[in-house]
Amino acid sequence: MGWLGTKRNVQKLVDAHYSSLYRFAYRLSGSANDAEDLTQEAFCQAQMKLNQLRDWDRARAWLFTILRNAYLRRLRSSKVENAVSLDGVGEVPDRLPETLPEIDPARLQDALGELPEVFRTPIILYYFEDFSYRDIAEQMDLPLGTVMSRLARAKAQLRARLMQPAEAVGQGARRPSHGL
Amino acid sequence: MDCNHARLLLLFARKPADLDLADAEALGAHLDQCPDCQALAGAEERVDQALGRAIRDVAVPASLRERLLTRLQQERRVVWRYRLAAAGGLAAALLLTAGLAWAFWLGKQPEVDLNAFQDMVSIKVAAAPEQVEQWFQEQGVAMKAPTLFNYHLLYTYDTTHFMNRRVAKLIFVHRDSGSTAAVYVLSRTQFDWKSEELPPSIHTSFPSNHTIEPLPEDPDYLFLAVFTGGSLDPFRKPDGI
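So the sequences go chain by chain: X and E. Throughout the first sequence, residue numbering follows my numbering, covering 1 to 180 in sequence. Throughout the second sequence, residue numbering follows my numbering, covering 1001 to 1241 in sequence.
Derived by calculation from the structure, the hints in this document are not laboratory data. None of the values given here were measured: they were computed from a predicted structure. If a hint is listed, it holds; no wrong ones were tucked in.
Derived, one-sided and incomplete: chain X residues facing chain E with beta-carbon distance under 7 Å:
hint : residue
1    : V10
2    : V14
3    : Y18
4    : S19
5    : Y22
6    : R23
7    : Y26
8    : F43
9    : C44
10   : I103
11   : Y127
12   : F128
13   : S132
14   : Y133
Each residue gets a CB set at the ideal place from its N, CA and C atoms; glycine is no exception.
Go ahead and model the full structure; you've got the sequences and the hints to work with.
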C-alpha cells in the first residue's frame, strides 16, 4: 500500500484533471453513471499511489492510464462483449473523407460503443485529449505502428457509421453495449 | 514524394508530431505543389476537427468536483482507520511475541554446573576477615568480621534473616572434633541492645550451645554464636596468629 497523497496535492490533481477524466470515462463507457464511478475510482487509486507520480507534467497521462485500467477491469468482470469484433472494424479506406454531416451526439456515442476497446481508447485519446500517436502508444504499451493502424481503421469505421443515413443504422447495426 | 505516399502519410499520421522531420517536410513540400492532395488534406483536417469537437462535447455534472473531493476525503479516513488498526494489531503482535519470548526466557532454568558450585564454595573457605567484610559490603550488609575467631576454620559465609533484618552468618568447622559454629554478626545500625543486659555466659542446651557477646574491637557490633561441642574455644584464634 502506498502513502496517501497530501490533501492539497490530491485537490490540485482533481482541479486540474477531473473534467477531462470524466469526459474520457464517458466516451469509454457511454454512461454518465459509469463515467462518474470510473472517475471516482481513478482518483481514489491516484490518491493511494500519489507517491508513484514522479513528474507532475505526466499527471494527465498517468490518470488516464489508471482510468483505462479501471475500465478494463470492469469490462472483464462484466463479461460483456463489444458489439463489433476486431475483425469487424473497417480497413483503411482507399478514398479520403468527404465532409461529415452534422454529428448527432447519440449516434457518435453509439458508433464509439461499437468499437472494441482497443480501437475505442486510442481514437478517444487522439481526438479528445489531443494525445500524439507516441503518447497513445506509450500509454497503451503498444508499438507505434499498431497504434497508427488501429487509429486509421477506427477513424474509417467511425466515419462510415456517422456517414450512414439514420435509418440504415437502426437496421444494419446492433445497438452497442458500452461494455459495462 | 508522390501522391500515393502523401495520402498514406495523411491517413496514418496527420499531426506533425507523428511524422519524422524528413517526412513532415516532404509532405509539406508535396502539398504545396499538389492541389488535389492539398484539398484532400484540408478535408481530412476539417473532418478531424468536427470529430474532435463532437467527441469532446461531453457535459460535466455541475457538482462532480465536490462529490469527488467528498469521496476522496472519505477514502482518506477509511485508509487511516485501516492503517491505525493495522498498526495497533502489529503493536499487539509485537508485544505478545516479546511477552512470550520473555516468559520463555524466564521459564528456562540453567543446568546445574558443578564447577560453578565448587568455585562458589572454595572461594569462601578460609577466607581472611578483610575478604569476608568486603563480600558483605558488596551485599549491602554492614558487618565487622569478629577477630576472635580462627579464620582458618571458616568454612563458608552468607547472609540470612534474623528478626526480618539481613545479617551476616559465618560457619566455622573444627575438623579434628567435627564440631561446628554458626556465627551471626549484628550491627547497631539494625538492632538495639544494652551491653549490660546481655547474658554473661554461654547457655547450654541440646542440641547446641549458644552465646551472645559484643565484639571487643567494636561495641557497635555483637555476635551470636551457635555451636556444637562444649565450648567455643576450638574456634577461637590461637595466640600468636
